[in-house]
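2 protein chains.
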Amino acid sequence: MAGGFDLQALLNGVLANDQRALGRAITLVENDAPVAADILDALYPHTGKARRIGITGPPGAGKSTLTAALIRKFREAHLSLGIVAVDPTSPFSGGAVLGDRVRMTEFSLDRQVFVRSMASRGHLGGLSARAQEVADVLDAAGRDIVLFETVGVGQTELDIAGAVDTTVVVLVPESGDIIQTMKAGLMEIADIFVVNKADRDGADKLARELSMALHLRIKEAPSREIPVLKTSAESGEGIEALLTEIDSHFNDVDGSGQLLQKRLDRIEKRIISDIELRLKGRFWNDEKRKALAERLPAVTRKELSPRALADFLWEMGNDK
Amino acid sequence: MAGGFDLQALLNGVLANDQRALGRAITLVENDAPVAADILDALYPHTGKARRIGITGPPGAGKSTLTAALIRKFREAHLSLGIVAVDPTSPFSGGAVLGDRVRMTEFSLDRQVFVRSMASRGHLGGLSARAQEVADVLDAAGRDIVLFETVGVGQTELDIAGAVDTTVVVLVPESGDIIQTMKAGLMEIADIFVVNKADRDGADKLARELSMALHLRIKEAPSREIPVLKTSAESGEGIEALLTEIDSHFNDVDGSGQLLQKRLDRIEKRIISDIELRLKGRFWNDEKRKALAERLPAVTRKELSPRALADFLWEMGNDK
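Protein chains in written order, with the working numbering: chain H, 4 to 323; chain G, 4 to 323.
The reader is advised that the hints may include incorrect statements.
In this list, chains with the same sequence are indistinguishable; a pair is considered to hold if it fits within one copy or across any two.
Stated by the list, open to error - DSS-like mimics (lysine-lysine), calculated; alpha carbons at most 27 Å apart, straight line:
id, residue 1, residue 2
1, K272, K233
2, K265, K76
3, K265, K291
4, K293, K272
5, K208, K291
6, K283, K272
7, K265, K305
8, K293, K283
9, K233, K52
10, K52, K305
11, K283, K233
Quick caveat, the hints were computed from the structure, so don't treat them as lab data. Keep in mind that this is a model prediction, so the values were computed, not measured.
Generate coordinates for the entire structure from the input sequences, incorporating the hints supplied.
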């Protein structure tokens with residue numbers, strides 16, 4: 004097809020794990036190009052083999068250094084990887100000091116490590132869906148591991164972190180106490196806790212508090228024990244143990260049927276968020292945007308409440 | 004009205020700045036009770052007098068201590084306040100170490116300081132709308148100042164922080180470098196930057212970097228200069244200067260007509276998010292929830308892609 008777009012060639016390239024085809028397909032999916040639906044439908048039957056691992060935690064917890072250390076270990080075991088970075092403070096997604104970024108170049112020549120960073124803004128709420136679709140492309144290409152790196156504070160980022168087989172929550176003594184961690188919703192998504200920068204003051208205390216809080220939770224609702232590990236990603240200390248825990252968690256949930264349930268939940272959330280994007284897209288036509296703009300001044304003049312204007316727009320109907 | 008709910012009495016109580024009526028009305032609005040729409044419509048003409056100030060920044064930046072210091076200053080000037088805390092790490096919203104919480108009790112006997120903390124989870128995306136409605140109730144009650152305290156990382160929290168007249172972004176040297184701040188979207192919402200814990204290493208460097216970055220931005224799009232202040236909320240250093248800057252910012256935007264535009268934008272966003280909540284509520288009926296549950300296993304078996312199932316649900320129509 005001279006000059007045209009050859010979908011089949013692109014799909015073949017992705018399925019053959021070709022780096023260029025992969026990059027191109029992912030860009031199309033990330034940008035929600037018209038052809039994205041065809042790409043994803045065609046690749047979908049080839050997904051499900053990759054293990055999806057989430058690395059999340061507050062800014063400054065050393066997630067990127069830890070991710071890099073894990074990548075090295077996976078590569079030693081000859082596993083191929085795809086990394087989806089949705090953390091504005093991560094060197095993988097470009098938002099870090101120069102030193103960090105330079106450190107990341109160690110993977111730039113390794114064709115078995117594909118890194119894609121996604122902006123956390125400008126996705127109109129569709130970021131979680133897009134990130135998972137990017138993971139599907141990497142999965143279909145045969146990558147053994149897909150790693151998501153997110154900053155676990157916002158709801159979208161928590162959604163992404165939860166959309167994996169195993170979620171690792173990384174904390175440091177400076178990232179706050181146990182109550183903050185609970186309030187941020189990190190307790191609910193963690194399969195494994197890591198106290199990173201373990202040589203710092205307060206690391207032992209944080210690890211102890213986490214273990215105690217987790218122990219109390221297990222009493223309420225017995226389930227798999229959530230391990231609390233101490234690492235020093237800089238020195239490599241504890242990384243091997245973390246890898247063992249990740250494997251052990253995966254094997255446990257796989258063996259118990261929980262993995263299937265997790266994946267079912269994940270797909271359900273994706274479909275619901277897809278529907279929500281469509282609802283917005285259909286409702287907001289030119290006529291309604293115009294009506295909103297025309298009536299807004301009446302709201303500022305207090306002649307109309309915000310709810311009353313929403314009612315008015317709603318009454319305009321929203322079919323087609 | 005024996006045993007019944009007397010809306011008019013509640014409204015009168017709010018308009019008379021009665022603490023109990025205020026608490027009750029806010030709870031009804033926060034929980035989106037059926038009567039919330041009536042309360043808000045009735046109070047809406049009485050809003051618009053309160054100055055709305057947002058205090059935001061990453062966890063650990065000392066926002067609560069700074070907020071407390073500001074409250075003290077406003078009280079010295081005999082201004083009444085409403086505080087809406089949507090920060091999971093804030094002592095105002097309950098997520099902090101005991102010492103912080105004890106410190107906050109200093110306002111518990113002052114009837115001119117009304118504090119309401121809102122959970123950042125479980126609001127189905129309606130948190131930003133609810134927080135602003137709570138502010139409307141405080142505004143209608145005649146509170147001179149409404150302070151929002153949020154952790155500026157997630158999109159919802161940024162939305163709330165942006166829904167004010169003046170946004171103060173609080174950073175500390177530990178909260179990361181200038182690129183991280185830019186990536187997190189804090190550059191775009193800040194009217195005033197505060198480098199808190201100014202006695203720590205790196206405070207001067209961060210302040211200098213911020214000033215330089217802001218200077219570059221002003222060259223691109225000339226607007227009001229965004230000041231960078233150094234404070235130490237613990238010792239009270241710089242708080243007076245911050246208050247002066249907040250006043251100066253408010254007077255500038257008020258005088259130039261920008262305040263009106265800001266408030267217009269804010270109302271527009273509220274209406275859009277209200278509509279989105281309604282769209283979701285209408286689409287998801289029992290029939291569609293059932294169809295989703297029944298067909299999900301086919302997606303896990305790869306017989307159907309997530310998009311194809313979304314298409315199926317979409318085709319079921321979404322009227323009524």
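Hint-by-hint comparison with the structure:
1. K272 x K233: Neither: 32 Å inside a chain and 44 Å across chains, both beyond 27 Å.
2. K265 x K76: within (26 Å within a copy, 51 Å between copies)
3. K265 x K291: between (39 Å within a copy, 21 Å between copies)
4. K293 x K272: between (33 Å within a copy, 15 Å between copies)
5. K208 x K291: Neither, since 56 Å and 48 Å both go past 27 Å.
6. K283 x K272: So K283 and K272 pass the 27 Å test inside a copy (17 Å) and across (14 Å) alike.
7. K265 x K305: Between copies only: 15 Å across, 48 Å inside.
8. K293 x K283: Both, since 16 Å and 22 Å are each at most 27 Å.
9. K233 x K52: Neither. Shortest intra-copy (30 Å) and inter-copy (52 Å) distances fail the 27 Å Cα cut-off.
10. K52 x K305: between (57 Å within a copy, 12 Å between copies)
11. K283 x K233: neither (44 Å within a copy, 43 Å between copies)
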